[in-house]
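As you go down the protein sequences, you meet chains R and V in turn. At position 289 of the first sequence the residue is numbered 289 (the numbering used here), and the sequence of numbers has no breaks. In short: position in the second sequence from 1, add 356, done, that's the numbering used here.
Quick caveat, the hints were computed from the structure, so don't treat them as lab data. Accuracy of the hints is not assured; some may be wrong.
[Said to hold, decoys possible] Coverage of chain R stretches by chain V, computed from C-beta distances (three or more under 8 angstroms per stretch; other residues unrestricted): (1) 32–41; (2) 91–104; (3) 157–170; (4) 177–191; (5) 220–229; (6) 312–320.
[To be verified] Listed below are the simulated DSS-like cross-link pairs for lysine-lysine, each with C-alpha atoms no more than 25 angstroms apart in a straight line: (7) R:K35 to R:K63; (8) R:K187 to V:K403; (9) V:K403 to R:K333; (10) R:K67 to V:K477; (11) R:K63 to R:K77; (12) R:K63 to V:K451; (13) R:K67 to R:K77; (14) V:K403 to R:K77; (15) R:K77 to V:K397; (16) R:K187 to R:K333; (17) R:K333 to V:K477; (18) R:K67 to V:K476; (19) R:K63 to V:K403.
The C-beta atom is built at its ideal place from N, Cα and C for all residues, glycine as well.
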Amino acid sequence: MVEVGIKIGLSITQIAVVMGVVLLTVMFLTLAERKVIGWMQDRMGPMEVGPYGILQPIADGLKLFFKEDIVPAGANKFLFSLAPILALVPALIGFAVIPFGPNLTVEIFGVQFQPFVISDINIGILYILAFTSIGAYGVILGGWASNSKYSLLGGLRAAAQVISYELNVGLAIVGVILLAGSLSLVKITEAQSGWFWNWFIFAPPFPQLFAFVVYVISSVAETNRMPFDLPEAESELVAGFFTEYSGMRFAFFFLAEYANMILVSCIAATLFLGGWNAPAPFLQFHGSWANLAWASGVFWFTVKVYFFLFLFFWLRATLPRLRYDQLMRFGWKVMLPIALGNILITAIAAYLFPRG
Amino acid sequence: MSGAELLLDYLTRYFSVVLFIVIALGFGVVTLLASHLVQPKFPETEKLSPYECGSEPFSDARMPFPVRYYIFAMLFVIFDIEVIFLYPWAVVFDKIGLIGLVEMLVFIGLFLVAYVYAWKKGALEWD
Chain R
1 MVEVGIKIGL
11 SITQIAVVMG
21 VVLLTVMFLT
31 LAERKVIGWM
41 QDRMGPMEVG
51 PYGILQPIAD
61 GLKLFFKEDI
71 VPAGANKFLF
81 SLAPILALVP
91 ALIGFAVIPF
101 GPNLTVEIFG
111 VQFQPFVISD
121 INIGILYILA
131 FTSIGAYGVI
141 LGGWASNSKY
151 SLLGGLRAAA
161 QVISYELNVG
171 LAIVGVILLA
181 GSLSLVKITE
191 AQSGWFWNWF
201 IFAPPFPQLF
211 AFVVYVISSV
221 AETNRMPFDL
231 PEAESELVAG
241 FFTEYSGMRF
251 AFFFLAEYAN
261 MILVSCIAAT
271 LFLGGWNAPA
281 PFLQFHGSWA
291 NLAWASGVFW
301 FTVKVYFFLF
311 LFFWLRATLP
321 RLRYDQLMRF
331 GWKVMLPIAL
341 GNILITAIAA
351 YLFPRG
Chain V
357 MSGAELLLDY
367 LTRYFSVVLF
377 IVIALGFGVV
387 TLLASHLVQP
397 KFPETEKLSP
407 YECGSEPFSD
417 ARMPFPVRYY
427 IFAMLFVIFD
437 IEVIFLYPWA
447 VVFDKIGLIG
457 LVEMLVFIGL
467 FLVAYVYAWK
477 KGALEWD
């Protein structure tokens with residue numbers, strides 16, 4: 001019985017730490033985005049709150065927490081309150097299967113414990129795909145329940161866009177699963193150890209470069225970010241599906257968007273760029289330092305994730321928004337054939353030149 | 357490992373996932389409730405009316421919308437189910453050899469027929 005108690009305690013601590021890190025990263029990202037875009041446009045970004053504006057996210061968070069939550073007349077009150085939670089929770093729980101560092105097992109108080117992954121389930125990537133799809137319900141319910149025309153249009157657009165690009169995400173991942181022979185994110189990362197040419201983006205027999213490009217573009221579209229932010233296009237739909245939201249409920253949609261960005265960055269780093277593996281074996285702690293290897297693992301994982309997060313900001317500062325028909329045509333007529341062709345070629349190449 | 361141990365291993369793995377879902381839900385509900393307790397509440401008719409560029413809303417917001425959205429939703433369901441069938445095949449690809457490869461080529465061929473049909477029918481056009 002004591003063992004079970006210790007195990008649950010360890011699990012709860014781990015979950016609290018992961019959620020804390022994710023929420024802190026979201027706070028940091030809201031500031032980083034404004035700063036990075038500011039610098040790209042030759043501005044300073046926020047400068048007022050604290051030195052160089054570093055306390056801006058705390059000020060924003062406190063303000064939203066103490067603001068009135070307005071429920072518009074004619075709104076469906078229950079769905080209106082449910083939608084922000086439905087959007088946020090799926091974005092958070094995806095992190096349950098992400099390995100943040102090497103696959104270690106340590107013993108704490110006589111209990112086996114994996115410090116860098118909350119749960120290494122053997123359907124990891126399927127679990128993430130299944131739960132992130134629920135996030136689309138939050139968006140469309142929020143749009144419908146608000147009783148506003150802008151919200152409804154934004155919600156519909158978001159739903160159609162998310163499902164179209166989710167298909168491409170699903171297809172792009174198949175090539176990686178085929179080469180790794182597992183759905184567990186820990187096993188997929190372990191299959192990419194050694195030098196950087198073992199990462200699935202470069203790996204023989206068929207580099208997953210096309211799948212990588214399809215995945216990155218589709219995940220930008222799935223998170224409703226620029227240049228695919230049509231559901232919340234401010235110049236035509238005010239704020240899209242969260243036009244009528246205010247206070248903490250608005251903050252939840254905001255949190256969900258940024259948590260989703262971090263999640264897709266983690267998946268991209270794990271599937272295509274080798275997760276916690278260093279680009280070269282000598283770039284991590286080895287030899288007499290080998291028991292510190294986990295620190296370099298976490299470091300490389302963080303570097304890769306932040307590379308993708310920076311890419312999100314960069315795209316937003318660079319590209320104009322697409323038209324809706326262009327967006328759908330691009331998803332169904334360009335990305336889908338590329339992803340499908342990638343699966344065919346990968347399968348034939350993997351049959352002719354089996355790995356190891 | 358024996359059957360019972362294997363089952364226990366599975367349950368402990370999924371237990372952490374369920375725990376995470378419960379904690380994330382709890383975080384959401386508690387934060388909303390806490391914010392509900394401290395925030396001001398001054399409802400007014402003007403403030404509660406849905407936003408419509410400052411003018412009075414002139415019709416029900418839940419208006420009919422284009423049937424296009426339904427077509428794309430149906431296409432998504434069909435294609436997504438086919439994608440899900442590709443996952444188990446990709447996992448065991450090393451073990452099923454040539455037969456597995458050929459069978460999946462036939463399956464993807466059928467997928468392509470449906471895809472070309474939808475394309476030719478104009479179902480992938482937005483206008």
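Okay, the hints, checked on the actual structure:
| no. | hint | in the structure |
| --- | --- | --- |
| 1 | 32–41 | violated (count 0) |
| 2 | 91–104 | holds (count 5) |
| 3 | 157–170 | holds (count 7) |
| 4 | 177–191 | holds (count 5) |
| 5 | 220–229 | violated (count 0) |
| 6 | 312–320 | violated (count 0) |
| 7 | R:K35 to R:K63 | 20 angstroms, holds |
| 8 | R:K187 to V:K403 | 54 angstroms, violated |
| 9 | V:K403 to R:K333 | 44 angstroms, violated |
| 10 | R:K67 to V:K477 | 51 angstroms, violated |
| 11 | R:K63 to R:K77 | 23 angstroms, holds |
| 12 | R:K63 to V:K451 | 57 angstroms, violated |
| 13 | R:K67 to R:K77 | 18 angstroms, holds |
| 14 | V:K403 to R:K77 | 16 angstroms, holds |
| 15 | R:K77 to V:K397 | 16 angstroms, holds |
| 16 | R:K187 to R:K333 | 33 angstroms, violated |
| 17 | R:K333 to V:K477 | 13 angstroms, holds |
| 18 | R:K67 to V:K476 | 52 angstroms, violated |
| 19 | R:K63 to V:K403 | 19 angstroms, holds |
Comparing the model with each numbered hint stated earlier shows that hints 1, 5, 6, 8, 9, 10, 12, 16 and 18 do not hold.
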